[in-house]
Amino acid sequence: MNGHRCDHCGEEATIHEYTPSHGKVLSETHLCEQCAHKLGIEGKVVKGAQELLSQIVLAKTGRRKSPASLACTSCGLTWGEFREHSLLGCPECYTAFEKLLEPLLERIHEGATHHVGKTPARAHLDITLRLSHLRKELAQALTAEQYERAAQIRDQLLNLSAAGEAADGPESGDREEAAPS
Amino acid sequence: MIGLDYSSTGEWLRGTGPDGDVVISTRVRLARNLAGFNFANRADRGEKQQIVALAREHALGLAGRSDLLWIDVASLDALDSLLLVERHLISKQLARGDQPRAAVVNRDESFSLMINEEDHFRIQVIRSGRRAADAWAEVNRIDDQLGEKLPFAFHSRFGYLTACPTNVGTGIRLSIMLHLPALMLTKEIERVRRAAQDMQLAIRGFYGEGSEALGDIFQISNQTTLGKSEAQLLREFDEGVMPRVVEYERRARHVLVERRLSLLDDRVHRALGILRSARLLKLDEALRLLSHLRLGVQLGRIEGVDPRTIDRLLMLVQPAHLQKTLGESLHQAERAEARATLIREQLR
Chain V
1 MNGHRCDHCG EEATIHEYTP SHGKVLSETH LCEQCAHKLG IEGKVVKGAQ ELLSQIVLAK
61 TGRRKSPASL ACTSCGLTWG EFREHSLLGC PECYTAFEKL LEPLLERIHE GATHHVGKTP
121 ARAHLDITLR LSHLRKELAQ ALTAEQYERA AQIRDQLLNL SAAGEAADGP ESGDREEAAP
181 S
Chain C
1 MIGLDYSSTG EWLRGTGPDG DVVISTRVRL ARNLAGFNFA NRADRGEKQQ IVALAREHAL
61 GLAGRSDLLW IDVASLDALD SLLLVERHLI SKQLARGDQP RAAVVNRDES FSLMINEEDH
121 FRIQVIRSGR RAADAWAEVN RIDDQLGEKL PFAFHSRFGY LTACPTNVGT GIRLSIMLHL
181 PALMLTKEIE RVRRAAQDMQ LAIRGFYGEG SEALGDIFQI SNQTTLGKSE AQLLREFDEG
241 VMPRVVEYER RARHVLVERR LSLLDDRVHR ALGILRSARL LKLDEALRLL SHLRLGVQLG
301 RIEGVDPRTI DRLLMLVQPA HLQKTLGESL HQAERAEARA TLIREQLR
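The listed protein sequences correspond, in order, to chains V and C.
Mapped onto the numbering used here, the consecutive letters of the first sequence carry residue numbers 1 to 181.
Mapped onto the numbering used here, the consecutive letters of the second sequence carry residue numbers 1 to 348.
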C-alpha cells in the first residue's frame, strides 16, 4: 500500500498511472476503482491481451497529446497506425516508439519495462548496460518519491542480477531449467 | 497430402504424461523474428518468400532431427489446413490467406514451427501431461540451434522483439491443457478462473483465444513476457498454478465419489449410453459426453473402455478429421451422422 488518494474523490487509490518521458515522470494519476471506471480506464488485467492493449492505447490518447503522426524511419509505420491495429511494423519500431511504448509495456507486463531471461548467443548482450539503465531509473523514482514504481524497478534489478550471475557459470541456466530427475 | 497419420493422435494426446488424469498436455512456444525484415503484417510477398526460404534451409537441417516434414501451408487445400489446426500443429491465423507461409512438424507431432504467422517464427513443443521443464528444454535447444543460423531481432532493453508488444521480451507462451469435468459438474470452475486471474494468467478453451471450453477442456497460459525469466515462469507454473488446479479437480472428483455417487454414476453411464446408441451427434455434444466418459473411466466407474480410445476420439470427431477419415466432403448434418457412427464403432 503506498497511501495515494484518488485524484477525483479522495478515497484510497488502487490504480496508478505514471507517464514517463526521457527518463523523467511527466505526470502521475491516482484513482480509485470507481472513478477509474467512470473515466473509462480499466485497471484489471482480465480480458484478452490484444483487446487489453487496444484499450490501454485508447485510454491514453484522450489524456495526453499523443504524436499519432510520429513514424518509424525504417518501415514507415506511424504511432497512429499502431494504435489502430496493436501490431508494430518492424523490429526498429521498438526504438522509434520506445518512450511511447514504455507505459504500455508496464501495464501489459506487470510493471516491467526491461527484458530478463534468455539472450541469443550471437547477440553478446551486455547485461551491465541494462543494469545501469535500471539503476538510473530507480534513483529517479526514489527522488520523485514514487515508491511503488521504485519497488517494481528493484524487483527487475534483482531478477536481472540473478540472471547475470547464472549466465556467468558455464551452462548454469540449463542446469536450473533441466527436468527434475 | 501432408504425410501425417491422422487416424491416430500426436504424442501429446496419448495420456502418457505425469498427472495425465487432469493435465492433458503442456505446450511451450517461442515467438521469434528476423532482424532486418519487416514483421509479417507489414512484410511484402517478396520478404515473406525470403523468410520461408531461410526457414526451409535452416529448420529442416536441425541437428538430431531426421523426422521433420515441410508443409507449404500456402498450397494446402482448406481441409488439410483445418486438419493441422485441429491437431494443434498450426494456428487458425496461419491456415488463412494466400501469402507465403509454411510449417515444419515432426512425425510424433511434439514439435512444430510456424513460419510467417503473426511473427516470422513460432516455435512450439507439446508434451503429454505435466512436463513444462521437459518441453522448455526441447524448445530452448531448437531455438539455440536456429539462433546460431538466423539473426533473431533482439533489443538490449526489450529482449526478443515481436509484432505485438504483448509477446515482447522472452516471447514465451507456456500453456497447459486441462480436463476439468468434476469442477464443471460441481460448478466450482470459478475457483480456477479466479486462481488464474490472481496469477495474471489467461484461461481459454480447447482451441485457444476466443474458443469455448468444449469437452470441459481448458487452457491456462501466461500473459507476462517481459521482466520475468523463462526459469521463473516455469517455476510459477510447476510450483504454483499446476499443482493448485490439479488439486482442485482431484478434490472435486473425490467429493463426487464420496458424496454424490448417484449423480456421478448417472452422468457417466448416461454418457456411455448415448455415445453407444446415438445416430446423430453434433461436435459440442460429442465432446461433452466424451468428457463425462473419460471421467467415469478414470474414476473406475466404467470398465471395459480403453482411455486411449477416448483421447483418440477427442481428435477424430473434429470436422476435418471426420472428412479425411471418410475421404469425402461432408456438410454439417452429414458430419453429425458420420460422427455418431464412428463413435459407436469405436466404443462397441
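The set of hints was computed from the structure by calculation and includes no laboratory data.
Possibly wrong hints are sitting among the right ones.
Over 12 Å on every C-beta distance to chain C, these chain V residues come out as not near it, computed from the model [unchecked claim]:
(1) G10
(2) T14
(3) A121
Counterexamples of contact, computed for chain C against chain V with all Cβ distances above 10 Å [stated by the list, open to error]:
(4) G97
(5) N106
(6) P165
(7) E258
(8) D266
Derived coverage of chain V by chain C (criterion: at least 3 residues anywhere in the stretch with Cβ under 8 Å from a Cβ of chain C; other residues may be distant) [to be verified]:
(9) 89-95
(10) 99-109
(11) 137-151
All C-beta atoms in this analysis are idealised placements derived from N, C-alpha and C, irrespective of residue type, glycine included.
Going through the hints against the structure:
1. With a closest Cβ-Cβ approach of about 28 Å to chain C, V/G10 is found to remain outside the 12 Å limit, as its non-interface label requires.
2. Distance to chain C confirms V/T14 as a non-interface residue, since its nearest Cβ pair spans about 15 Å, more than 12 Å.
3. Not every beta carbon of chain C lies more than 12 Å from that of V/A121, the smallest distance being close to 6 Å; the non-interface claim is violated.
4. Every Cβ of chain V is farther than 10 Å from the Cβ of C/G97; the closest lies at roughly 15 Å, confirming the non-interface assignment.
5. With 10 Å as the threshold on Cβ separation, the claim that C/N106 sits away from chain V holds: the shortest Cβ distance comes to roughly 19 Å.
6. Chain V draws C/P165 into its interface by the beta-carbon criterion, the shortest separation being 6 Å against a cut-off of 10 Å.
7. The Cβ of C/E258 lies farther than 10 Å from every Cβ of chain V, with a closest approach of about 32 Å, so its non-interface assignment holds.
8. Non-interface call for C/D266 relative to chain V: holds, since the shortest CB-CB distance, roughly 35 Å, exceeds 10 Å.
9. With 5 residues having a beta carbon nearer than 8 Å to a beta carbon of chain C, the segment 89-95 of chain V meets the requirement of three or more and the stated coverage holds.
10. Given a C-beta distance limit of less than 8 Å, the hint that chain C covers the segment 99-109 of chain V holds, as 5 residues qualify and 3 suffice.
11. Against chain C, the segment 137-151 of chain V contributes 0 residues with a C-beta closer than 8 Å to a partner C-beta. That does not satisfy the three-residue criterion, and the hint is violated.
In this structure, the hints that do not hold are numbers 3, 6 and 11, in rising order.
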